[in-house]
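Could you slot chain B onto chain A? The hints should help.
There are 2 protein chains.
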Amino acid sequence: MPIIKRIDHVAMVVEDIEGALAFWRDALGLSLELLQEVPREKSAIAFLPVSGVEIELVQPTSADSGIAKYLEKRGPGMHHICLEVDDISAMLAQLKEKDVQLIHEEPVIGDGGRKYAFIHPKAAFGVLMELYELP
Amino acid sequence: MPIIKRIDHVAMVVEDIEGALAFWRDALGLSLELLQEVPREKSAIAFLPVSGVEIELVQPTSADSGIAKYLEKRGPGMHHICLEVDDISAMLAQLKEKDVQLIHEEPVIGDGGRKYAFIHPKAAFGVLMELYELP
Numbered sequence: 001m002p003i004i005k006r007i008d009h010v011a012m013v014v015e016d017i018e019g020a021l022a023f024w025r026d027a028l029g030l031s032l033e034l035l036q037e038v039p040r041e042k043s044a045i046a047f048l049p050v051s052g053v054e055i056e057l058v059q060p061t062s063a064d065s066g067i068a069k070y071l072e073k074r075g076p077g078m079h080h081i082c083l084e085v086d087d088i089s090a091m092l093a094q095l096k097e098k099d100v101q102l103i104h105e106e107p108v109i110g111d112g113g114r115k116y117a118f119i120h121p122k123a124a125f126g127v128l129m130e131l132y133e134l135p
Numbered sequence: 001m002p003i004i005k006r007i008d009h010v011a012m013v014v015e016d017i018e019g020a021l022a023f024w025r026d027a028l029g030l031s032l033e034l035l036q037e038v039p040r041e042k043s044a045i046a047f048l049p050v051s052g053v054e055i056e057l058v059q060p061t062s063a064d065s066g067i068a069k070y071l072e073k074r075g076p077g078m079h080h081i082c083l084e085v086d087d088i089s090a091m092l093a094q095l096k097e098k099d100v101q102l103i104h105e106e107p108v109i110g111d112g113g114r115k116y117a118f119i120h121p122k123a124a125f126g127v128l129m130e131l132y133e134l135p
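Chains A and B, in that order, are what the protein sequence lines are. Residue 112 in this note's numbering sits at position 112 of the first sequence; the count goes up by one each step and never skips. Residue 85 in this note's numbering sits at position 85 of the second sequence; the count goes up by one each step and never skips.
Next up, chain A with everything else stripped away, as it sits in the complex (with noise of 0.2 Å):
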């Protein structure tokens, strides 16, 4: 049986990153460990950890991409919640055998060889959920 080792991140969708990090950041008071854009997906990415769960802050970088389509309908907010699996594949298996929809259904194979995969927010009661495997 694959198991859930744990929540590696929780993202937050956001319009100004900087603007967000001056509650996340200087506010709360929490580090940020990276902040960087990946143009690749059209977008600026925040990690700020707490006790071994990263908080991510999403802006989207262009207005054609997935996540600026998102903020565009929804708002900004909670975004996504990621999971790590010991068996990636055995848990899209055990997924699909109980009928839960997948945004993807096989791993897909990420930087470093990091493998990972989307739930369908409709199989998961609104939830866009991400689990991903270490190399």
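Bear in mind the hints are in silico, worked out from the structure with no lab data behind them. Some hints here could point you the wrong way.
Stated by the list, open to error - Computed cross-link-like contacts, SDA-like style, restricted to lysine to any residue with a CA-CA straight-line distance of at most 25 Å: (1) B:96 / A:26; (2) B:122 / A:66; (3) A:5 / B:49; (4) B:96 / A:22; (5) A:115 / A:36; (6) A:122 / B:27; (7) B:73 / A:74; (8) B:96 / A:30; (9) B:5 / A:45; (10) B:98 / A:51; (11) A:5 / B:19; (12) A:122 / B:72; (13) B:73 / A:75; (14) B:98 / A:22.
Below, chain B alone, put in the same frame as chain A:
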């Protein structure tokens, strides 16, 4: 300086907690730690721990509750994130000094002497955030 110690829980609002458990417990394989009605808050709640952070499911049990109105307006999905702080009064003072809009300007005393307060989502860039301090 007050410190954020950890993420305590991430709460998801659902229309049907039993239906949602078919996903969170039966398909993902998370353990159900607690399932109960909370008449005072006109809701039913479930807690499913993931390595020290709780996934909380909240279902309104009355159409006139705040959570029912949220569900009607926004649909099911991620609702709020709760951070544990070492000193909630000091954190609220720090936030007020930074002009962060609060729902509770002073800590509310909850069950078992637990103190909590909510930050206004406008101040947290669309995120509803709860802060709490253990007695």
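Check each numbered hint from earlier against the structure, then list the numbers of those it violates in ascending order.
none
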